[in-house]
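Participant: Sequence:
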Amino acid sequence: SALFSDPHCRPNIAVYTFRHFGNMKTTLVVCLVFVGVASAFVTPQFAFSTGSRKTCQSLSSSVDDKTEVREYFNTEGFNRWNKIYSESDDVNSVQMDIRDGHDQTIQKILNWIKADGDIGGKTVCDCGCGVGSLAIPLAQMGAKISASDISDSMANEAERRAKDLGIKDAQFYTSDLESVTGSYDTVTCVDVAIHYPTEKMTEMIQHLCSLANERVLISFAPKTWYYVLLKKVGEMFPGPSKTTRAYLHEEEVVRKALEAAGFEIAREEMTATNFYFSRLLEAKKRV
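For this note's numbering, count along the sequence shown from 1 and bump the result up by 731.
Treat the hints with caution; some may be incorrect.
Calculated lysine-lysine pairs in the DSSO-like style (CA-CA distance at most 30 Å, straight line) [to be verified]:
#1 Lys-853 with Lys-875
#2 Lys-875 with Lys-899
#3 Lys-899 with Lys-839
#4 Lys-875 with Lys-1016
Here are the computed distance ranges between Cβ atoms for each label pair [claimed, not checked]:
#5 Glu-945 with Asp-907: 19 to 25 Å
#6 Glu-945 with Gln-838: 18 to 24 Å
#7 Thr-806 with Glu-983: 31 to 37 Å
#8 Glu-930 with Gln-902: 29 to 35 Å
What the hints contain is simulated information worked out from the structure, not anything from laboratory work.
In this text, a Cβ means the ideal position worked out from N, Cα and C, and glycines have one as well.
Could you put the whole structure together from the sequences, leaning on the hints where they help?
Facilitator: Okay, structure coming up:
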């Protein structure tokens, strides 16, 4: 998941952070400051909240989050992330780093699936599909794809890309995650959890598991003491553009939610570049 959804650099602040922090944590501070606020969930897809806005811990807050995400990725956010998740040369070094990190996460999933054998004819539900970074290569491998995104712009772009590649056995549509229904062999949700408040995370995982007959693949921004600290530092330097809130999640909470839904962790990975950090878990249904 990308650490932010407004990847524009502010070099003067970057120099300041390099003078006050060290090693990996320096990089994290820089990216937070650059953003001032989110893939990816994202990224993942990661969105950090703007300066004065505080995270609400209520059900109404999650509704506001959903509205923010939908509006952002249908407008300015779509233009930015569509460019990042493409082969466009019109990206800065931060955006390129995010692209590389996201590509690494996607490739790890594809490698897992290839290692398990032929996925041809298997059904895959990709929740929060974005521009089709995962859904399209899975369709090319022969999977039957049902992919959705809360953003019309994202879902339409994914469909356009699939058609341009001659992919026919894939459906792309607009939907929030909670409204997705059906039964699938594999359910994926990559860099989306960044947009879900802590109190909604378990419910979201339960819903994903209810759709899966065999396995769930999910990525999220891990909540650690230094990520929390750096997130607070980032909030001290609000960026010029309105983006979306960001939520880090304790890995133990995610694991427990998967286990409570009848799944057990089969494989795990961590992707970390300068500006992209994403924990990836594959959970298989217990038999």
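Participant: Work down the list of hints and note, for each, if the structure agrees.
Facilitator: Going down the list of hints, with the structure as the test:
no., hint, verdict
1, Lys-853 with Lys-875, "holds (6 Å)"
2, Lys-875 with Lys-899, "holds (9 Å)"
3, Lys-899 with Lys-839, "holds (25 Å)"
4, Lys-875 with Lys-1016, "holds (20 Å)"
5, Glu-945 with Asp-907: 19 to 25 Å, "holds (24 Å)"
6, Glu-945 with Gln-838: 18 to 24 Å, "holds (21 Å)"
7, Thr-806 with Glu-983: 31 to 37 Å, "holds (36 Å)"
8, Glu-930 with Gln-902: 29 to 35 Å, "holds (31 Å)"
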